[in-house]
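**Student:** Order-wise, the sequence lines are chains A and B.
Quick note: the first sequence uses our numbering, first residue 1, plus one each step.
Quick note: the second sequence uses our numbering, first residue 1, plus one each step.
Check each hint, because a few of them may be wrong.
With a cut-off of at most 20 angstroms between alpha-carbon atoms, the simulated EDC-like pairs for lysine to aspartate or glutamate come out as follows [stated by the list, open to error]:
| id | chain 1 | residue 1 | chain 2 | residue 2 |
| --- | --- | --- | --- | --- |
| 1 | A | K137 | B | E142 |
| 2 | A | K133 | B | E142 |
| 3 | B | K191 | A | D88 |
| 4 | A | K31 | A | D169 |
| 5 | B | K141 | A | D89 |
| 6 | B | K188 | A | D184 |
| 7 | A | K133 | B | E112 |
| 8 | B | K191 | A | D89 |
| 9 | A | K137 | A | D88 |
In case anyone wonders, no lab produced these hints; they're calculated from the structure.
The residues making up each chain are set out below.
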Amino acid sequence: MAFLAVRNLTVKREGRTVLSELNFKVDRGEKILIVGENGAGKTTFLETLLGFVKAATGEILFKGKALKEEEDFREARKKIGYVFQNPDDQLFSPTVEEELAFAPLVLGFEREKVKRLVEKYLKLFGLEKLRNKPIFKLSGGEKRLVSIACVLTQEPELLLLDEPTTGLDRENFKKVTEILRSVDCSVITVTHDTKLIETLNWKIYKLEKGRLRPAAHSLSRK
Amino acid sequence: MEAVLSKSKNILSDLDPRVKWIVFILYSVPIALSIEWNQLLCFSPLPAASSIIWMKEWKNVLPVLLPANGFLAFVSATVAFSDPDLALFLILKSNLLILLTLSLLASSSIFEILHALHHLGLPNKLLQLLFFSYRYIHTLKEQLDITLKSAKARGFSPATNMKTYKTYAYLLTNLLVRSYIRSENIFKAMKARGYRGEVPVFRHFKMKTEDRLFLGFAIMLWIGGIWLFWL
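In isolation and in its complexed conformation, chain A is listed as follows (with noise of 0.2 angstroms):
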């Protein structure tokens, strides 16, 4: 049984079809990059898996249990790390700190186990000394960082990343591509970083007029 598996997936936006009878499975601890043109649907698969897009036919399986409702979709998110494209979208916590630990405590875990995450991602991401920094006064790379290490805490499952390296420098994208081959959950990483691409050396998926493909690893070099 795959961990995530996708089925003749339609999504349909604005009357554009964006994904087309898609078929897409990843298994536990897989971890896989899509590549593909602007506006091909990258984003909107990934929306699509968390349950933010509605789709048009198809059917999502997540640890074998088919997302349907909302409430599925709620479940299944618990597990899911989701980071956006741009972390403005994604952060809203007054101080690093408190960004760090929002899922935790929203999720339940207890405080000594939220406390002990929050430490380990800030040590992790080098971010200690940031700690009490409010978000909105945050460089862009900073942001980044935060918006990985925030979903992280989540102790997720699967996770999905939208060009999780935009914006960073040399050193911290050496730090998160580490960290990403480090976890040891299942990663969907969407990306046009030739580099990231070359760096992590995963499969790859190309999204292509509303289907995902296997490509070649000699695609990043395009």
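Starting from the known structure of chain A, arrange chain B on it as the hints suggest.
**Tutor:** Relative to the frame of chain A, chain B by itself:
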């Protein structure tokens, strides 16, 4: 203002924000309602003492006090000739309220202030509205500055003509649309991380001995003032 004073460290800034709110309400109401000099003066020691504590922050406090007093002087001038006593009374009353606000509320971050209000029983929805308004005012301002810069970079120069009005209309429309889209995305982000109507808080307040001492002292002074001049 809040950002500047909340970074300073002194006996007042370290107080529990819940205590600050209680003392602020206890003192600001009688100060605002006082109609006699003795009523006003019996509540002045606390704001006066706290302004001494903030003395070293005068560079940050003056930019607030000066414009406020300029306005007060202008307003008081209307009654100064007929009743100079009343003009002075109004100026002192207003300054006591400003000092009380600065020393108690402006010495905490906005988040601490709202968090304290939550513990004092203010409805959660109202607090979330206040918090998100504050949180996104900066983002809106940033966005407006960026779009304005973008317009200027392409030759836009504000003048008194239709083109300028039209450009500003475009900028504001753009800002509204972007704000709407952003609010939708933020809501998605919150839902993606489990939001169901409550914003939890990671750091909670702990009442310390100095908080209890300050609260006790302030309440004693307050009871004394009410007993002597109000009852």
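**Student:** If a hint holds in the structure, say so; if it doesn't, say that too.
**Tutor:** Consistency of the hints with the structure:
1. A:K137 x B:E142: holds (11 angstroms)
2. A:K133 x B:E142: Holds: A:K133 and B:E142 sit about 17 angstroms apart, inside 20 angstroms.
3. B:K191 x A:D88: holds (15 angstroms)
4. A:K31 x A:D169: Status violated; Cα separation ~23 angstroms.
5. B:K141 x A:D89: With a Cα-Cα distance of about 16 angstroms, the restraint between B:K141 and A:D89 holds, given a limit of 20 angstroms.
6. B:K188 x A:D184: violated (25 angstroms)
7. A:K133 x B:E112: holds (13 angstroms)
8. B:K191 x A:D89: holds (12 angstroms)
9. A:K137 x A:D88: Given that 20 angstroms is the threshold and the Cα spacing comes to 11 angstroms, the pair holds.
Violated hints, listed in ascending order, are 4 and 6; each of the other numbered hints is respected by the structure.
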